[in-house]
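Enquirer: Add chains L and U to chain E, keeping to what the hints say.
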Amino acid sequence: MLAEFLQYLFTGITIGATYALIALGFTLIYNASHVINFAQGEFLMIGGMATVSLTAMGVPMAVAVVLAVILAGVLGIALQRLAIAPAKQADVVTLIIITIGASIFIRGIAQLVWGKQYHVMQNFSTSEPIQVFGAVLNSQSLWVLGVGAVMVVALVLFFTKTLIGKAILATSMNKDAARLVGIRTQMVLMLAFMVSALLGSVAGIVVAPITFTSYDIGIILGLKGFVAAAIGGLGSGVGAVVGGLALGIVEAMTAGYISSDYKDAVAFSMILLVLFFMPRGLFGAKIVERV
Amino acid sequence: MLNRFMQSRLRGLMVLALILIIIPAFLSNPFHYELATQIAIIGATVVGLNLLVGFAGQISLGHAGFFGLGAYFTGIATGTYGWPSVPALLVGAIVVGIIAWVVGRPILRLKGHYLSMATLAVGFIIAIILNNERAITGGPDGMPVPAFEVFGWELSSFGTYSLFGLEISGVQAWYMFASGVLLLAVWFALNLIESPIGRALRSVHGSEVAASVVGVDTAKYKSLVFVISAIYASLMGGLYAHFQGFITPAVASFEFSILFITMVVLGGMGSTFGVILGAVVLKLLPQVLADFQELETVMFGLILMLTMIFMPKGLLPTLTAAVSKRLRKKTGGKA
Amino acid sequence: MLKIMMRRARKCAVVAAAGLMMMSAQAAEPIKIGSFLSITGPASFLGDPELKTLEMYVEKINEEGGVLGRPLELIHYDDVGNASSARNFASRLIRSDRVDIIVGGSTTGATMAAVPLIEQAQVPFISLAGAVVITTPVKKWVFKTPQSDRMAAERILTDMKDRGVSKIGLISGTGGFGSSGRTQTLEVAEQMGMEVVADVTYSGSDTDMTAQLTNIRNTKGVEAVLNFGFGQGPAIVTRNYAQLGMELPFYQSHGVASDSFLELAGSSAEGLRLPASPLLVPDSLPDNDPQKEVVQNYKAEYEARWDSKVSTFGAYAYDGLMLAVRAIEEAGSTDPEAVREALENIKGYVGVTGEFNMSPDDHNGLDADSFRMLEVQNGEWNLIN
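Chains as they are written, first to last, in my numbering: chain E, 19 to 309; chain L, 45 to 379; chain U, 292 to 676.
Incorrect hints may appear among the rest.
To be verified - Straight-line distance between alpha carbons at most 25 Å, and here's what the computed PhoX-like set of lysine-lysine pairs gives:
no.	chain 1	residue 1	chain 2	residue 2
1	E	Lys-193	L	Lys-155
2	E	Lys-134	U	Lys-343
3	E	Lys-106	L	Lys-369
4	U	Lys-638	U	Lys-431
5	U	Lys-600	E	Lys-134
6	E	Lys-134	U	Lys-590
What the hints assert, rightly or not - Coverage of chain U stretches by chain L, computed from C-beta distances (three or more under 8 Å per stretch; other residues unrestricted):
no.	segment
7	367-381
8	394-403
9	466-473
Think of the hints as simulated: they come from the structure by calculation, not from any bench. All C-beta atoms, glycine included, are put in the ideal place defined by N, C-alpha and C.
Extracted from the complex, chain E is given alone in its bound form:
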C-alpha cells in the first residue's frame, strides 16, 4: 500500500514540479502586464528542442543547455519587443490574441526547422531507477525537483534582493506609481518576458528526458501550466508553485486510485472548486480595485 502511494506521489511531484515552473512563467508575465501569455509553452519547446538538436550536432550537453536557454531568453525579449510593445494602445484581450498568434508562428517555425518527429533526450545522470520503499523513482525526477527548487529560490532572491527584481514587483503592484518613481515599465515588461522564457526553457530541458520533446510539446505542457497557475490564483508566485504540485499529485492519484479516464476532468474541476470556494485562488493576491 505504501509503495503504491509513494509511486503515485513520486509521479505526481515530478510532473507537478514541471507544471509549477511553467505556472511561474505565466504568473510573472501576468503580474507585469495582465497578459496571459499563450506562447509560454513554446519557450519550453524551444528549450528542449534546441538542446536536442545542438547535442545531435556534437555540442557538449552543458554547452547545449546554456545555448538553448539563451535562445529562449532572446526569443522572450523578441516577443515583447516585436509583438507586445508595438501594440501600445491595445486591450489586454488583444495582447492575449497576439501571444496566441506568436505561439502558432513559433511552433510553425520549429516544425520547419526541426521536423515533426519526437526526439529522445538522455537522462542527465544514470538511467537506472532508484528504489525507495518499494516504489521506483526515475533519477531524472531528482533533477527536475532539484532544478525546480533552485529556480524558485533564485526567483525569490531576484525579487527581494535585486533592484531589477524589486522594480518588476513594484510595477506589477502599481504601474503608474512605478512610473512616477522612475521605473521604465516597458523595460520591466521586457525583463518579465525574458525571465519567464528562461524559466520555461529550463523546465523544458529538465523534463525532456521523461516526456520526449517535439515541436508541439508546448501545447500540452503550456496548457497544464496555465491550469496550475489558475488553481493557484493567477498572479501569486507561491500559488503557482503550490498549484503546479497540487495539479501533478491530483492527476497521479486520480489516475491510480479513481479513474484514469476522468483524471483530467478532476484537474479541471479543481479550478471550478477553487473559484467557487476560494475565489482568490489558493494563494491569490488580494485585489483592490481602483476606481
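Expert: Structure of chains L and U alone, referenced to chain E:
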C-alpha cells in the same frame, strides 16, 4: 436620438442582408456554399460571444464547450432518440443555459478575469465527457447526425428543393436558411444592446463601480448576458451538427474556443458586424493558405499577430475609422 | 482568393503542358486523385509518410506513362488531424476540385467525418485509417487498406493465449485509435474466453503513465499487458514499464509499427511483441513469400527518395494508390460506378500491407494472417511467426 439608433440598426441589418443576397453570385460550386453556410452559423455564434466580450468585458475560453454540448445534444436527441429538430435545439439550449447560469452566477460576482478560467475548465470537462462516453457519443470517432427536420420536412444538404418554381440544391437551401438565422441572431443582438439590459451592460463595461453605485446589479446582468451568449452557442452548435451530418468531440475542443474568441477580437470586440467579418476571415484563411502546405502554420500565426499589432481595435472598427477619416478630410476640404 | 486563382491557373497550365508533351494526338485530361491527410498536428506521423508515398508514386506512374494514357494529378490537403477540416477538405475535393477518386483519411475520426458526404456524392474512397467501423458494416463507396484494429486485437490475444495467458491488463490511449482498439480488445477477449482484469487509459496530453501502470501491476492475476495507442504515448508507456521493472509479457499494437518507435523507447522495448505488416522485417521473409519483392522495393524506393525510414503508415498509402490505379485500369475509365465495382472485385493484389481480396461484403480485403507477429530483440524487429 431613438430614431437615429433605430435607423442605424436597421441600416446595418439591411447592408448585411444585401451582402448575404449578393454573395451567391460569387459562389461557383457547392463547396463554396458549404463554406458560406458554415461561416454564417459560426458568425452567429460569435455574435453571441461578442455580447459577453464586448458588453460585459468578460472573456470565455470555453465557448466551444457550449457549442459542442448543443451539437451533441441535438445529435443524440434526433439521432438516437428520434426527436424532431426544434425541440432538440430548444431543450439543448435550456440545458446549456442552466449550466452557464450555475457557473456564471457565483463567479461573475468576483472582479477580474475569473470567468475565463472557469469557462476554460467547463469547456474542457464537457470535451472530456464527450470523448469518454463512447456508448452515448460515439467517443473520439464521433457520431452521425440526421438532417434538420421540422414537421416531417427535411432540410438536407444533399437534397433538392424548389423555391418559387426554381430548383435549388440542398447546400443552397441551407445557405438561405443559415443566412436567415444569422440575420435573426444579429437583429436580436442589436436589440439587446439597445434595450435597458444593454444599457445596463454598457454601464458595467464602462465602470462597474459607478454602475453598482447607481443601483445596477452588475453581477446579475453579467450572468444574464453570459447565459444568452451560451444559448447562442448551443443553438448554433445544434444547427452546425445538422448541417455537417457528422460531429466529433473536436467541436467542443479548446482550440475551437480559442478560434471563437480570436474571431471576436480580430473582427473587432463590441462590433456586431465586425465579429462576423472576423468569422469570415478566420474560416477562409485556412482554405486560402492550404496551398502553402508546410508554410501554412507559420503564415497563419504571422497574419494573426500582425493584424492584431497594427489593428488592435480589430478589422472592422479600424477600417471604418480609416474610411470615415478620409471622408472627413474630403468634406473638410470643402468647408 | 486571387492567389488561389492564380495558383490554380498555373496548375492547369502545368498540367496542360505536360499533357501536350505526353501525347499530342489526343488531349489527355489528367486523372484527379484527391487526398486529405493529417500532414501536420498530432497525427502527422501518419500523414507525413502517407503524403510522401503518394507524391513519389504519382510522379513515378506519370513518368511511366500514366494510367489509361492519362497522367495522374494529386490534389492534397492537410486536415491537421481535425475531423471537421477533414470533412471540409473532402467536400472541397469532391465539389470544387472534382476529383475522380479519394485516397486519404489518416485517422478514423477524419475518415468517418467524411464518409456521409462521400456516400452521398458517390465518389470511390480508399481510407488509410484503421478502425473496424470504417468498413463494417460495408459502405458502398468506402474501402480501406490497413488491417482493422479488430484483427490486431485477435492476433495479439491469440499469441497471448498460445503463451498460456488468460488474464490481461489493458492500457489504452483516449484518442480515436486507442479508444476503438480498447473496445475491440474487450470484445475479442470475451469471445476468446479471456479476461481483461485491469483497464486503464491515458490522454494525449499525458507525459508520464507510471500511475496507470502501477495500478495494473497491483491488480491481482494480470498475466500480460497490452498497450493500444499511437504517437509518443506508447513509447512513454514502454519506458515507464521498464522503469517499474515489470516483467510480464508486454504487447503493443500495430499503431507503433515503425522504426521511430524503437528510437524513442530504446532499450525499454526489449522483448515486447506486436502485430505488424512485414515491412519492418523485409529481409527475414522467406523467398517464396509473394510479398517479399513488393515490400523490399517499396522500402528501397522510399528510403532512397526521402532519406528517412519507411513506416507501415506510408505503406497504407502505397496500397491505396495502387488499388486505385488498378481499379481505374480495370474499369477502363474514371466512371465512379465502374471504378467502385472494379475496386470491389479486386482479387489477389499483393501489396505491402498484405494480399487484398475485396468482395461486396469485405471492403478491406485483408485477413488477420497479413499481420506478422514481431518481437523486439537486441533493439531490432524480429519475425517470430
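Enquirer: So, for every hint listed, does it hold in this structure?
Expert: Here is how each hint holds up against the structure:
1. Lys-193/E <-> Lys-155/L: holds, 19 Å
2. Lys-134/E <-> Lys-343/U: Holds, at roughly 14 Å.
3. Lys-106/E <-> Lys-369/L: holds, 21 Å
4. Lys-638/U <-> Lys-431/U: holds, 18 Å
5. Lys-600/U <-> Lys-134/E: holds, 14 Å
6. Lys-134/E <-> Lys-590/U: holds, 21 Å
7. 367-381: It holds, with 9 qualifying residues against the three required.
8. 394-403: Our answer is that it holds, as 3 residues pass the Cβ test (under 8 Å) against chain L, meeting three.
9. 466-473: Coverage by chain L holds here, the residue count being 4 at a Cβ distance below 8 Å.
Hint compliance for this structure: no hint is broken.
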